[in-house]
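Could you build all of it, start to finish, from the sequences and the hints given here?
Chains as they are written, first to last, in my numbering: chain C, 1 to 285; chain V, 1 to 406.
Simulated from the structure, these hints should not be mistaken for laboratory data.
Keep in mind that the hints are not guaranteed to be accurate.
Computed from the model, here is a short list of chain V residues facing chain C with C-beta under 8 Å [claimed, not checked]:
no., residue
1, A115
2, F119
3, I120
4, K122
5, A205
6, Q216
7, N250
Covered, in the sense of this in silico footprint (three residues per stretch, anywhere, with C-beta under 8 Å from a C-beta of chain C), are these stretches of chain V [to be verified]:
no., stretch
8, 217-230
9, 262-269
Backbone N, C-alpha and C define an ideal beta-carbon position, used for all residues, glycine too.
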Amino acid sequence: MNEFLQQILNGLAIGSVYTLVALGLTVVFGILGIAHFAHGSLAMFGGYLTFVFSTSMGLSFFASIAMAMPVGAVMGMLIERLAYRPVRDAPHINAFIIALGLTMMLEGGNLLLFGADQVIIQTPYQQVFDFGGIFVAQLRMVVIVTAVTLVAVVTLLLLKTKTGKSVRAVAQNRHAAVLMGVNVNFVSSVVFAISSALGVAAGALIGALLALAPGVGESFAVKGFAVLILGGLGSLPGAILGGLVLGVSESLAAGFLSSAYKDVISFLIMILVLLVMPQGLMGKK
Amino acid sequence: MKFKTPLTLAALVISAALSPAVHASEEVLVLGVNDALTGGGAVYGLPQANAVQMAADEINAAGGIKAGSITYKLKVITSDDKANPTEATNSVRKLIDRDNVKYLVGFCCSGSTSAVASFIAKEDALMLVGNAAERAITAQGIPNVFRTRPPADFTGSAAGTFVAQKGARNVAVIGALEVGFYTQYVDAFEKELNKVGGKIIAKEAFGLRDRDMTPQLTKIRGLKPDAILVVGYVEPAAFVYRQAVELGLNVPRYGFTSGSEEQFLKVVTSAQMEGVWDLRPTELTIEALGPQAKAYDANYRKKFNQSPTPSSPYAYDQVYVLKNAIERAGSAKDAKKVAEAVRTLPIPKEAVMKYMANDGSAMFDQNGQAYTSNGAFQWQKGKWVFVSELPSDNKAYSQFLRSIRK
Numbered sequence: 001m002n003e004f005l006q007q008i009l010n011g012l013a014i015g016s017v018y019t020l021v022a023l024g025l026t027v028v029f030g031i032l033g034i035a036h037f038a039h040g041s042l043a044m045f046g047g048y049l050t051f052v053f054s055t056s057m058g059l060s061f062f063a064s065i066a067m068a069m070p071v072g073a074v075m076g077m078l079i080e081r082l083a084y085r086p087v088r089d090a091p092h093i094n095a096f097i098i099a100l101g102l103t104m105m106l107e108g109g110n111l112l113l114f115g116a117d118q119v120i121i122q123t124p125y126q127q128v129f130d131f132g133g134i135f136v137a138q139l140r141m142v143v144i145v146t147a148v149t150l151v152a153v154v155t156l157l158l159l160k161t162k163t164g165k166s167v168r169a170v171a172q173n174r175h176a177a178v179l180m181g182v183n184v185n186f187v188s189s190v191v192f193a194i195s196s197a198l199g200v201a202a203g204a205l206i207g208a209l210l211a212l213a214p215g216v217g218e219s220f221a222v223k224g225f226a227v228l229i230l231g232g233l234g235s236l237p238g239a240i241l242g243g244l245v246l247g248v249s250e251s252l253a254a255g256f257l258s259s260a261y262k263d264v265i266s267f268l269i270m271i272l273v274l275l276v277m278p279q280g281l282m283g284k285k
Numbered sequence: 001m002k003f004k005t006p007l008t009l010a011a012l013v014i015s016a017a018l019s020p021a022v023h024a025s026e027e028v029l030v031l032g033v034n035d036a037l038t039g040g041g042a043v044y045g046l047p048q049a050n051a052v053q054m055a056a057d058e059i060n061a062a063g064g065i066k067a068g069s070i071t072y073k074l075k076v077i078t079s080d081d082k083a084n085p086t087e088a089t090n091s092v093r094k095l096i097d098r099d100n101v102k103y104l105v106g107f108c109c110s111g112s113t114s115a116v117a118s119f120i121a122k123e124d125a126l127m128l129v130g131n132a133a134e135r136a137i138t139a140q141g142i143p144n145v146f147r148t149r150p151p152a153d154f155t156g157s158a159a160g161t162f163v164a165q166k167g168a169r170n171v172a173v174i175g176a177l178e179v180g181f182y183t184q185y186v187d188a189f190e191k192e193l194n195k196v197g198g199k200i201i202a203k204e205a206f207g208l209r210d211r212d213m214t215p216q217l218t219k220i221r222g223l224k225p226d227a228i229l230v231v232g233y234v235e236p237a238a239f240v241y242r243q244a245v246e247l248g249l250n251v252p253r254y255g256f257t258s259g260s261e262e263q264f265l266k267v268v269t270s271a272q273m274e275g276v277w278d279l280r281p282t283e284l285t286i287e288a289l290g291p292q293a294k295a296y297d298a299n300y301r302k303k304f305n306q307s308p309t310p311s312s313p314y315a316y317d318q319v320y321v322l323k324n325a326i327e328r329a330g331s332a333k334d335a336k337k338v339a340e341a342v343r344t345l346p347i348p349k350e351a352v353m354k355y356m357a358n359d360g361s362a363m364f365d366q367n368g369q370a371y372t373s374n375g376a377f378q379w380q381k382g383k384w385v386f387v388s389e390l391p392s393d394n395k396a397y398s399q400f401l402r403s404i405r406k
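What follows is the structure in structure tokens.
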């Protein structure tokens, strides 16, 4: 029982990172219909930036993230304006190809700027708590709490503010929203800003809990898409639930089946869901 | 050029005829370094290439290689194989066909090296392998292939004996088990452990890119091992050591990872690393080796402005092996004759690594394999400390190697 609970707890921390990544992907996909594959690499850039702020400027972990998030938001808006907007009305495949190209550019940029060695963001949260045999690392708790907070903030933003209302309107029906006077260009920028800010936070958490290195961003982007499919494309609650489910499933599969298949689990789940429940756990039919 | 008079012509002819008798002729001998100079393997390949250059410069400064009446000055050319088998094949082909290289050194990485080993027997060349640990490279017994680095399972057996002596009987293994030589290390380790009645209770895997090994470690924790063995690349291994502490897995941790203090401290604190063992070839460990090693370390730092990596001397020693073999053979023209000289060569006095002699005090055994000593290192207060040598029997291993093909 102990082992089972420990695996679940371990999985929740990774799962909350998946949720953050997926949230960034789902807002862009759900509202703008773009499969923003480059999100993973942008998240990595945000993580590296957080590392630079915390080491060269001596800022605390959260202060560094707070400084990196606006930078990420601006980069996201630039990407939207320069890379995706020109193909907004073209076939979706064009946007996907651009996303792939962007991924390569960002990965290359990260490699040039930050090198190939792995980078770990040091944090002061190094304690470990023992609850009767179940060990909880303080850092994992911090990751979960941070992710939950950010998700709550974004949800409030989308549900309670006027901007959020405009965003939801575009998600429901873009043409009608235009007719109602919503500035779609503004909404696109806002969506990318939110998505990229979330991505930066996810990257920073990955950098603190695990490590930033070439290739890590892409694998998180793929897992992010698996979560989207699991939770339902465009569904926020779906991204939240899906992320946690994926994290815990990976942990349980590696712990009780085989560690060699840890990554395979995410793909298996994707395939199963697409076969049995194509709209995802919380998607609309 | 117009010969003004027959006298000038005669003078020229006479002086040309006299030259060889006045001083020995000098030739340039090209050494081809084939290694991973870029990409993931460069951490091993680049330092090897540097070491070869350093050795060549030293030899040239001391007058070159004197074989018979010819003095050879070494010229080093490097070729990048990116630790990729296809690139390695092309790279060596170019060295042999285009650059007429007969003497190939370097070879840090197993995948690319194995690809070259698969065709080198047919070539008029001599191949000296460095850091690549895959056993099959020398198990095949190719006459013109020699390796300065011992196969991984040679170290694995020694490690198994050591851990068994420490009293462990239920060991859980976690490692990069899809990589051939790590599995070979574990298999050899297991054999020794079984001899004293111990067993391996789990074999969990992780990949080069993995950073979260808590599921595997949680599973291992549930099995209640009395020790864990971590085999794999330093970057993920560091996470294993940290996460083991975070999960309350308080048993002795043995490893086969190599890696400098800086590489570990990026991920795990010194307190969390305290007591971790690394059971590997002694390689370049100043306190375990002699004055040769100290000189190598100092010269390398001066020449390249960085410290030498622990495995770089495998390539440095290759050059001195060649030097001594060519001098013994009397000429560098016939790669086959030089190979025969290498086979019976005693350990060169210039060698940095500590080699264990084979039959007839030869450096290499029947399969062209040399054996360096193995050591037990322990993390003590922020540094890797050499504790003792691991009991290793290279003669027994050599017999075993002769009996297999891979």
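Taking the hints in turn, this is what the structure says about them:
no.: 1; hint: A115; in the structure: violated (24 Å)
no.: 2; hint: F119; in the structure: violated (31 Å)
no.: 3; hint: I120; in the structure: violated (30 Å)
no.: 4; hint: K122; in the structure: violated (37 Å)
no.: 5; hint: A205; in the structure: holds (5 Å)
no.: 6; hint: Q216; in the structure: holds (4 Å)
no.: 7; hint: N250; in the structure: violated (11 Å)
no.: 8; hint: 217-230; in the structure: holds (count 4)
no.: 9; hint: 262-269; in the structure: holds (count 3)
When the structure is compared with the earlier hints, violations turn up for hints 1, 2, 3, 4 and 7 and for no others.
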